[in-house]
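*Asks:* Whenever a hint applies, use it, and build me the whole structure from the sequences.
Chains as they are written, first to last, in numbering that gives the first Met the number 0: chain A, 0 to 353; chain B, 0 to 507; chain C, 0 to 376.
No wet-lab data here; the hints were simulated from the structure. Relax, there's no trap hidden among the hints.
As a list, the in silico DSS-like pairs of lysine-lysine whose alpha-carbon atoms are at most 25 Å apart:
1. A/Lys-353 with B/Lys-405
2. B/Lys-59 with A/Lys-123
3. B/Lys-59 with A/Lys-353
4. A/Lys-3 with C/Lys-152
5. C/Lys-230 with B/Lys-405
6. B/Lys-323 with B/Lys-255
7. B/Lys-221 with B/Lys-203
8. B/Lys-59 with B/Lys-26
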Amino acid sequence: MEWKRFGFIAFIIVALFSIVVLIGQARDPIPTIIISMAATTISVATPLTLGALSGVFSERAGVVNIGIEGMMLTSAFFGWFGAIYFNTILKFEAMPSLILGVVIAVLAGALMGLLHAALSITFKVDQVIGGTVINILAIGITGFFNRQLFFEKNSIFGGNVPHAPGTLPSVGQVPFLANVPILSNLQPIAILAIVLVFISTFVLFRTRWGLRTRAVGEHPRAADTVGINVSFMRYVNVIISGCLAGLAGAYFTLESVPSFEPLMTNGRGFISLAAMIFGNWTPLGAWAASLVFGAAQALQINLQFYRELIPPSLSLLQYPYIVGLTPYILTMLILTGIIGRTVSPAADGQPYEK
Amino acid sequence: MYIKDAPVILSAEAITKQFPGVLANDKVNFDLRKGEVHTLLGENGAGKSTLMNVLYGLYKPDSGHIHIDGKPVTFTSPKDAIANGIGMVHQHFMLIPVFTVAENIMLGSETTRNGVLDIRAVSKQVRELSHTYGLDVDPDALVQDLPVGIQQRVEIVKALYRKANILILDEPTAVLTPQEADDLFQIIRRLTEQGVSIVFISHKLKEVLAISDRVTVMRTGKVVGTTTPQEVNEAKLAAMMVGREVILKVDKKPAKPGEPVLSVSDFSVMDSRGVEVVKKISFEVRSGEVLGIAGIQGNGQTELAEALTGLRKVHGGRVILNDKESTGRPPRQLIENGLGHVPEDRQRHGLVLPFAIADNMMLCTYYQEPFAQKGVLQNQAIDANSRKLIEQFDVRTPSPYVSAGKLSGGNQQKVIVARELSRPIRLLVANQPTRGLDVGSIEYIHHEIIDMRDKGIGVLLISAELDEIMALSDRIAVMFRGEIVATLPAAEANREQLGLLMAGATHK
Amino acid sequence: MAEKEKTSSSQPRISGWLRSGLNTMLVPALAVLTAMIVGGIVIALAGGNPFAAYAGLIEGSFGSLNAISETTVWATPYIFAGLAVAFGFKGGLFNIGAEGQLAFGAVMAALVGYGLPLMGVDLPAVVFVPLTVVAGIIAGGIWAAIPGWLKAKFGGHEVINTIMMNYIALNITSYLLNGPMKDNNPLNVVARTPLIAESARISTVFPDYRFHWGFILALLVAVLIWFILWKTTLGFEIRTVGTNPDAARYAGVNVSNIIIITMVISGALAGMAGSIEVTALNYRHELGFAVGYGFDAIAIALLGKNHPAGVVLASLLFGAMRNGATRMQFNTQIPVDIISIIQALILLFVAADAIVRYIYHIRIQQDRLVLTRGWGG
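*Replies:* Here you go:
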């Protein structure tokens, strides 16, 4: 990644941290604030990191995926539903229920990925439209089943909202990690996301699979002429993309909060795409960009603790709605390309026709 | 010669391939002996590429058989062709610009160690191959940084890496300078000496006669005949290719140049990556003359044409069009100043393919009377205009309301030419006006260009076809690496001299 | 695109026109049918009776004069928002931001509608109503102009930017409706504006029915949009840019300007959806009202093949579904949310019309809609 881009990321993160430190230092020691901000940043960046990785796999193979938002939402719902089902109906312990919930979320994401792959590869639907279909379908399916399964009298839960088995615990519960700062505050999916960033980098740039994936995203005909099955490569990568979006979905209902709300993904899928673009379609770059958005959100969260300390001259910062605009405005700013232009895979968005 | 006794290693029998509306290959027979160069000659659309794509497993033939070393084979994908020792160098290179040479070469047949790509082993093998065949390439270079001649070598190495002993070269000289083409011919000879057999596809008669052992001529999907260079000459091959005697010259009266309609001074343009590709050039086009710009593709001609017609930013210098200051003006203003433009890529710039012919016929003037009044389109005027031009320019279409995308290439170009000439223009910029057209359409377009010149319009003709430049131009300017290295009267120019200039030989 | 056989200057005979119209409608109609069948299966799987459900749906949407009146009430904002998205598509732009433009339009219309009387400005209805509606139109136009400008100037992709503008609109609306613009009636706990003045309201056409003049206005606007797109030079420019921007540049069209103009008109239409809801129906703006319109509008535009007449028909269908859903839920206890699934399925089958063509063995080929031209940036 070029210095300009890296500098911009560092600058924004430092600036966002500084605001909280300057306001909060009247009450808390500075290291405490920084550790808290860092932990929140990494944690809330998790769905963005995973979403951006999801985009990287799909788009490196040449399929634009704006359906990540919908894939996340679907997985968030079904992962949550699965965990409750195992916990309350099948009487599993909380922890196995949660883990099985994550598995179901990933499977739901894979199914949505399969749908997107079928639409864009087999039926050659415009990929932006295909992604929009996924997003709308996700809202419909989650809204309907949420109502049908949890609020209707004759549902399997008998019309009572059952108790969720909680959320995945932070790794601080593991004895020898309890005292490691920041890490001890993180939960499993957040850590898995970071591991996946490095695994993805390795897979994409060092393995045969990665070389072929990038080839079908850059010049599918060239790949075809050396005997690579373009459709197969694209299908599998879009399904991988769905799995990663599914894991991001699991974060919302199994790691962040133990509940499901309609539309709870709140644009994270779209912001992930901006992170992917700003990260120049590389896993490491996408992660760095996700941390910027994470920091913007961490600002909003941590300012809540210090609300009464905000000086009157900065009263605008008291309104979470106004502070909450930061990620969205950052996204638009990044897409202008003012901070370093990026180059998408050459065949991104184009169906391959022999 | 030994070639005659060499065994047939590849034979295709009665290959038929039908596309919607076109019989691309009609019972085509073709065979290849070990160590020979067998040329497939034919016009655009004659079916050469279809046959090659069948031989390479990209298309499945509707009927017919392929034998390799006497054994029948069926190819369902290029993988099968590669496994049978067939390699292909496509006209548009099948290289990934952002990959290195080694990555491109190994793609599809990668070497790995513990699951990790073994770039070092591949690089070593590439160096060995380079050495054996005299094909010098650097395995670690990015393909996008290499000149086209070298990219072509990468393609050849890529095929040899896959142990190809049959090499299909599809129009390999189209993008090369005459000197690069000579290098390629040397490589081809070295390959055949090592026992590699070559299928050479071309429509350029001179080089076909120079390199081939045998020549098979195709026309409208059928094989016309197979011959050897010893038995034929250029005119005879041309007649076989087109099906009638071809007049290789364009009849024209001496030019009567008048006032300059375009004068360009110290003109500079950058390409999309910010590299200066047109460097401070100056020239004039007078009314009633054709100024031809000769040059190998990629020496700044495309950017020059785009900048002159307002489609690209001008970096420096001055343009006077029809006595009006026109430097860096938007297309609309240039059009109103009397500019006509036949663009290089007719489908991308020249036409809106899904729109009706009638709409395409007024694409540049839709806002003017009689086509529009107070911002409202006037259907009757648009209809009348299109019917008149279809008649006048002999566009073959059942109705003006057929979408332009449904027309053949020749008819599409006629729509553009008709539209541009129907306006009161003073200068016509024609960029590759006959690329990819059949001989009939080429003759028609050439005739129209000369006709316009005789009516007092200035023509700037840009073409990569030296024959076209020499046939039409009154003066010829040669472009090399963004500069005009020479301007000479067409009467004094000859092929060899132009070829050397195009390659930068006498570059100061 | 579908209209290419009847482009600006053709003078086709009526029978040919009718046939091409029917052909164009065939695939969307079958897409709706297929979606209803799949939706019925979902209802059955969820333990409901699909026939009873659809009977309730039809009864609730067309079963009485009042039901029909309510269907038009539901369809009105769909027509405006659907036209907004369709207009963008014609110019090659994918406006996913109708929701934000609608919300911002509604907020501004409400502000003018209740704010001017508070400032002591007393206007007659003949001035006040248009002024309130226009406030929403302008607000929607501005909201879309921003992504339009970013696209024209920097190549920033409008899909992401219009979505970001949705969230920005949502946050700002939340701030305004919970703060400065909140209805300060002591009994009110909802994030909503005060009621607009009587003289800023659009009246109903008949007493006792909510069928209002806004619906008539929507039909007139649909005709106007058709006229602009196919009968004016501006429309020709917009369609040219939408089909082949390179050729548009070659032809001397100022592509950047057309991109911005297309977005502004698109946003203005969405903004109008908001201001008509405020002036003709709710008489105020309430938080959450705009949610879902943006995505529904995309489905409507695609179902209507981006043609104003198609958009009106699709809007009536969607309006009928939303309206009839309440009766359906009352009769059969199937949650109204099933409508969202059916609408998503309609969009799925319209977008992937190859599926429909395959199922029903249809051979008439239609051109594919192409929007994705990379990410810009």
